[in-house]
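So the sequence lines, in the order shown, correspond to chains A and B.
Position 21 of the first sequence, counted from 1, bears residue number 38 in this note's numbering, the numbering being contiguous throughout.
Position 102 of the second sequence, counted from 1, bears residue number 103 in this note's numbering, the numbering being contiguous throughout.
Since the hints were derived computationally from the structure, they do not count as laboratory data.
Watch out, some of these pointers could steer you wrong.
Which chain B residues stay away from chain A? Per the calculated CB distances, all over 12 Å, these [claimed, not checked]:
# : residue
1 : Thr21
2 : Ser27
3 : Gly42
One side of the interface only, derived from the structure: several residues of chain B facing chain A at Cβ under 10 Å [unchecked claim]:
#  : residue
4  : Phe19
5  : Ala32
6  : Gln38
7  : Ile44
8  : Val45
9  : Phe48
10 : Ser52
11 : Lys96
12 : Ala101
13 : Gly102
14 : Ala106
Cβ atoms here follow ideal geometry from the backbone N, Cα and C, with glycine treated the same way.
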Amino acid sequence: KAGVTQTPRYLIKTRGQQVTLSCSPISGHRSVSWYQQTPGQGLQFLFEYFSETQRNKGNFPGRFSGRQFSNSRSEMNVSTLELGDSALYLCASSLSNGYSPLHFGNGTRLTVT
Amino acid sequence: KNEVEQSPQNLTAQEGEFITINCSYSVGISALHWLQQHPGGGIVSLFMLSSGKKKHGRLIATINIQEKHSSLHITASHPRDSAVYICADSGGYNKLIFGAGTRLAVHP
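Throw the hints in and build the complete structure from the sequences for me.
If you want it as structure tokens, here you go:
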């Protein structure tokens with residue numbers, strides 16, 4: 018069974034630009050959650066989608082948004098990029114919404130210059 | 002204040018030693034996760050538990066709901082166990098609150 022796939026693996030953007038990251042969950046998994054990891058703040062929860070609905074959202078500004086498609090693939094978008102958005106963005110999928118083990122992708126490393 | 006506290010922050014061990022990493026959380030949980038992160042960023046879920054004890058190979062995770070405390074034990078540690086171990090409190094719907102992580106180095 019294929020694991021969680023995140024694309025792209027690496028991305029370099031300029032301040033003010035926007036970026037879209039993609040996450041393809043394990044087949045059959047309906048929950049996709051997104052996390053940001055930085056050296057200063059560690060791992061932080063961004064949002065979680067289940068059956069195309071956002072079920073929970075972390076404490077991030079509105080520049081961070083996401084969506085989930087009917088095939089459970091998910092995208093997250095960051096608009097008006099800031100230097101502080103440089104981070105490793107991880108997604109994870111699971112069978113249900115909070116009571117099944119999480120399977121993480123390898124992440125997208127975003128650098129904002 | 003981080004609602005999930007881990008100790009120690011850094012840990013160095015000799016191959017074969019028994020290792021314990023501790024995690025305290027301050028809010029009620031639906032599940033407590035133990036994660037392993039290797040250099041390069043990939044995260045592997047080791048355990049998800051809401052009560053008692055779980056064992057997988059040389060790894061054992063325990064949780065005490067009353068004391069809001071969990072421990073991860075590694076028996077007969079090996080250099081390949083070198084990684085960052087992270088505990089996370091699940092507030093529901095995979096809204097994880099993460100600890101800062103414990104960096105483990107196991108030397109041959």
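Going through the hints against the structure:
1. Non-interface status of Thr21/B relative to chain A is upheld: no Cβ of that chain comes within 12 Å, the nearest being about 21 Å off.
2. For Ser27/B, the condition that its CB be more than 12 Å from all CB atoms of chain A holds, with the nearest at approximately 16 Å.
3. For Gly42/B, the non-interface assignment is contradicted: its Cβ lies about 5 Å from the closest Cβ of chain A, within the 12 Å cut-off.
4. Given hint, Phe19/B at the interface with chain A, is violated; its Cβ is 25 Å from that chain's nearest Cβ, farther than 10 Å.
5. The beta carbon of Ala32/B comes within 7 Å of a beta carbon in chain A, closer than 10 Å, and the hint placing it at the interface holds.
6. Residue-level restraint check for Gln38/B holds (minimum Cβ-Cβ distance to chain A is 9 Å; threshold 10 Å).
7. For Ile44/B, the interface hint holds, since its Cβ comes within 10 Å of a Cβ in chain A; the closest pair sits about 4 Å apart.
8. With a least beta-carbon distance of about 7 Å to chain A, the hint placing Val45/B at the interface is held under the 10 Å criterion.
9. The criterion of a C-beta within 10 Å of any C-beta in chain A is met by Phe48/B, whose closest approach is roughly 8 Å, and the hint holds.
10. The beta carbon of Ser52/B is not positioned within 10 Å of any beta carbon in chain A (closest approach about 13 Å), and the interface hint is therefore violated.
11. Because the closest C-beta pair between Lys96/B and chain A is about 4 Å apart, less than 10 Å, the hint holds.
12. Proximity of Ala101/B to chain A holds as hinted, the smallest CB-CB distance being about 5 Å (cut-off 10 Å).
13. Taking 10 Å as the C-beta contact cut-off toward chain A, the hint placing Gly102/B at the interface holds, the least distance being around 7 Å.
14. Interface hint at Ala106/B: violated, since its Cβ lies 18 Å from the closest Cβ of chain A, which is beyond the 10 Å cut-off.
Hints 3, 4, 10, 14 from the earlier list are contradicted by this structure; the remaining hints agree with it.
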